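Quick mapping for you: the protein sequence lines, in order, are chains A and B.
Residue 45 in full-length UniProt numbering is what sits at position 45 of the first sequence, and the numbering runs on without skipping anything.
Residue 426 in full-length UniProt numbering is what sits at position 426 of the second sequence, and the numbering runs on without skipping anything.
It is worth saying that the hints were derived from the structure and are not from the lab.
Certain hints may be false.
As the list claims (entries may be wrong) - No farther apart than 27 Å at their CA atoms in a straight line, the calculated lysine-lysine pairs in the BS3-like style are these: (1) B/89 to A/508; (2) A/430 to A/757; (3) A/14 to B/150.
Unchecked claim - Now the in silico label distances, taken between C-beta atoms and shown as ranges: (4) B/28 to A/474: 53 to 61 Å; (5) B/179 to A/77: 50 to 58 Å; (6) A/99 to B/128: 48 to 56 Å; (7) B/179 to A/31: 44 to 52 Å.
Stated by the list, open to error - Output of the computed footprint for chain A on chain B, the stretches with three or more beta carbons under 8 Å from beta carbons of chain A: (8) 126 to 136; (9) 356 to 364.
The structure presented is a predicted model; accordingly, all values stated were derived computationally and were not measured.
Note that beta-carbon positions come from the ideal geometry of N, C-alpha and C, so glycine has one too.
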Amino acid sequence: MHKNKSNTILDFKKSQVETALKQSIKNLDSYTHLRGESLYVDDVNIRQGTFHAVVFDSPKAHGKIKHVDYSKAEALEGVERIFTYKDIPGKNQIGGIIPDEPLFAENEVHFCGMPIALIVAETEFIARQARELIKIEIEELPVITTAKQAKAKGSFINAPRTFSLGDTEKAFANCTYVFEGETFSNGQEHLYIEAQGAYAEPLENGNIKITSSTQGPTAVQKTVAQVLGVSMHKIEVDVTRLGGGFGGKEDQATPWAVMAALGTFHLNQSVKLILNRHDDLRMTGKRHPYESIYKIGLSKDLKILAYEAEFLQNSGAAADLSPAIAERTLFHATNSYFVPNVTTTVLSCKTNLPPNTAFRGFGGPQGMFVIESAIAKAAHEIGVPAQKIQEINLLQENDTFSYGQIAKQVEAKNTWDSAKSIYHIETLEKEVEDFNKNHQNFKKGIALMPICFGISFTNTPMNHARALVHIYLDGSVGISTAAVEMGQGVNTKIMQIAAQVFSIPIEKIKIETTNTTRVANTSPSAASSTADLNGKATLKACNALLDRLKKVASEDFNVSEEHIELKDEFVYVNNEKSDLSWTELISKTMLKRVALTENAHYATPEIHFDKSKEKGHPFAYHVYGTAIITTTVDCTRGTYEFDAVKIVHDYGKSMNKAIDLGQVEGALAQGIGWMTMEEIAYNDEGKLLSNALSTYKVPDIFSVPKTVETVPLETSGHKLAILKSKAVGEPPLMYGIGAYFAIQNALKAFNPNYKLKFHAPMTPEKVLMGLYES
Amino acid sequence: MIQFILNNKIVKTAANSGMTLLDFVRYQQRLTGTKIGCREGDCGACTVLVGTLENDTINYQSITSCISPLGNAHGKHIVTVEGTNLSKKLTAVQLAMKDNYATQCGFCTPGFVVALTGFALSNSEKNYNHALDAISGNICRCTGYKSIEKAAQHVCDKLGNTDENSFNWLIENEFFPEYFKDIPKRLKNLKAKAIQQPKGKYVAGGTDLYVQQADNLVDNAVHLITEKDALKGINTNNGICTIGTNSTVSDLWNHHEINHYFPNLKKHLKLVSSEQIRNMASFGGNLVNASPIGDMTIFFLALNSEITILNDNGTERHLALKNFYKDYKKFDLNEGELLKTIRFKLPTPHSFFNFEKVSKRTHLDIASVNSAILLSVENSMILEAHVSIGGVAAIPKYLHDTSRFLTGKPLTAETILEANEILQNEISPISDVRGSSDYKRLLARQLFFAHFTELFPKQFTLNDFVQHA
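Extracted from the complex, chain A is given alone in its bound form (with noise of 0.2 Å):
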């Protein structure tokens, strides 16, 4: 009886979802995309003369060059010139939060793939040939490639970050059980499809366009600038869109911009620089590994009272954007739990890898893995499920944060509660006992991960964002904004705040590329927040230009503004449709000489964070969400499948249910991929052994999980939410650790000997060996 209640309210949220699904207005960009017409750096046209550029790059991850020899690639046919740190007129410096990071090595080189020059060619076949050519003696010094040997060596990007509430020593004095360890969590690759690229022209005066693949075009133009040693108003960065970008185009789309600039500048012509795959692979950072240690304290009944840890990060060999990643690691270090006393550190630890940056949860998800750690850990010495110990300690309304900010509108226990019993949790793990009992080649595992992620920049100054919106003579509309499409659809969100407020038609809107010539000063799209950030910056400029409408309507009409109404492109009086539409509304507006363009800004209310404090409110709104996710074991062969992922998430009042649906799913497949397959590995010396497509694995479409179901939570959504619909990006990413606890379940099914291990990805080797391990 309760098995088929539940069941019914699954069918009607699914018969839900479906019909939100089909009402969903459609990416904006899939007929291009679809039609192979969408232009994406490397399809832009390129002008006559365009020169072809291409890296050298350092062999060593860390050493003194003692010389170089590019005789040999100079002479080359076709080679035009190879551009080196004395050929920079400004500063060797493209480091944003400190700088510390030249954009050409000088006499050290710090990490394999470390740019030293940039060969300029008629062709990027030549200028790869002419790479072959150059020599390079390099005195190596020791090399660092992991954290813990960093630590020992005291090297170190910036000093560490404590954040802590209440008093964990007298706490763990108080608790009934207290576990400690260590996890590990390796990096990820970013693998956007379309590699990192810029193509940058000269204009006239010695201004230059770049046409860049980057989340961050102010961050390109001000980092050209700086190296140019140019104003920055000769720059103007132009972004049409990104092949994904995941957070590795947010500070590191930047040196492949300044070179092809710092090419132009010098050549006065057009020069093309796109990374080939491997050379993307070896010289980019990626998702910061993490070896960490945890202590956890737990009451008779399993409250969590007390949680220290201490997180050292792998920041590579320049802080890049490590330190704000290190900083939200501890944000996010108890997840969506309340735990009262808590000390939790963060050392970004300086190494000979290439500097690691931002990728979709920028530090939350590593954070996040090590109190799951800690719970599984506990769970299993107590000898009680993960679950309980999850469920008992969720976060609820008025809680405090470790940084101080009060938890509101809180939706833990309520997306937990809902994904056991809209997806009956009981008859779940029935089934996955039972199938243990009755097979013995292999083993299901079940685990839940509920989530919790705070939305904003936490760099509380970046949470701004502009829109310019004009409407043309005959009624259509061209919007710009800071924010930069790659995928999340936020050009299609942005589309439809313009389409509800104007209440026209969506083929009257386009929006523009991005561009800094438009908008100006603009953070990175990134932290989830672009859609919030710009939608508003939107809505602040179309309301104002409604107003400035409904003036002129009201003055025609003789009535006051309030009567006035604009709907399916006529205006309305009185509720009453007039027979003026929309398009001879905008003449009789420009007649009157009323502006019809609207620059708006907007900054988020409310946020702050003091740093010397570590206390503040950094966070416009926290987004939610719980999973349930089942796994197969085959344990002759140690690999495995996902059975179903199944979700309850907290969109807000979701504005497109389909777009958001998909950055879950994409999340999802994403955050298994870091935690199961996707292995980073780097050798002793500092250099990339997973160097390509055939040697680091990204989810396929074999090895997604054979069903994900998505219900919305319902939920009243948030006013610092665009429309109420909360930020999507990062999250649900989140949901892909509960991939690894729902292995190790199975793996201690079927290996009673098998000892608990939280070492990140869990490949099929880590599988096998764990399951024959006595």
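For chain A, the structure is supplied; the task is to place chain B on it using the hints.
Only chain B this time, still in chain A's reference frame:
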């Protein structure tokens, strides 16, 4: 002069035949819908269709253009995503993708569209699993594939579960434009004579060579051999199967009779590579690549195959495949010699064949360890045994000692456990990016056991071989 039809246009070019088809369509023809993701055949963003005239019809196959030499397009119909576009609306495949939100950043999208269009054009039964096979070589980093699966299902629904839809039906139902109708006639009229093959590196499908040394190939003379008739065909005669080394994995996949002899053939071959690669990869190439983990090499080793080697003066010599490999990437082939055929005895009712492969990702990945076995069993006695294993030695390994040991032994758990001890002495795995040596040793054992639990499920379970199962 290389001649072919590119979408709706006849192309004649003096470009180097070793240039990749990808570079030609993108940079010389400005068809930028074909994307560059990896240049290794591992992502599918550059998928195009190759139509080959067979009598009066055209057989279309999807390939990754990044590792395909331009010369192999000679006399063919090459279709890029632009060539599938209708003038002002989306095709049935594109619409299925749009309606199911199967595009996000859009970069992998054209590859999926072309691969699914290839599926619609193919002769295979139009079911969902076949549709997934068709896009098995396409990586999408954004969607998590669930929306793409739905799109694939919609394409199947639209096609109906028929084996073959006529060109006319597909055109009427907006799978691709009208001009496809005239392609067979136009290809015939093209009368593309065989292009002069210069002296240079022999290249067949190119799927390994172009991954390893594309830059050397595009700039130097290559001798393309895919069209050499002497190297084509799969024949069975008197219980012997003879496979021309130019045959592709797909040729074997589609071979009715071979599928009858090897009922699990498709399951095995699906582990080898994606459909795009199967459509290009030749057996000869796989054998002379001499990779210690070459899947098809391991496959043929266990079949106790014999190879025929053709000298450029026309003489032939024969050799057991198991004696072909000498050391890492060293094998018994002289300058000017080509592999001509692979021959093996077809299975009898007493034969049992199995292929196992484990890699980080089950599909479209290189094995950590792979293994194949052929047993002849009568009255619970092993009359003949051939076991091969890859990834655990410098060469793709035929396990001489293990095979010898098994021969003449009763088919019991004791025999198998003892044989594993011998196997473990015959292998010498090293630690690398595909796994530690300890792992490969364990995996070798497990896959060896798996052969028996797969082939004799009523007789053996995992329990018979390992402790705590």
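Going through the hints against the structure:
no. : hint                      : verdict
1   : B/89 to A/508             : holds (19 Å)
2   : A/430 to A/757            : holds (25 Å)
3   : A/14 to B/150             : holds (15 Å)
4   : B/28 to A/474: 53 to 61 Å : violated (40 Å)
5   : B/179 to A/77: 50 to 58 Å : violated (42 Å)
6   : A/99 to B/128: 48 to 56 Å : holds (55 Å)
7   : B/179 to A/31: 44 to 52 Å : violated (21 Å)
8   : 126 to 136                : holds (count 3)
9   : 356 to 364                : holds (count 8)
This entry does not satisfy hints 4, 5, 7, going by the numbered hints stated previously.
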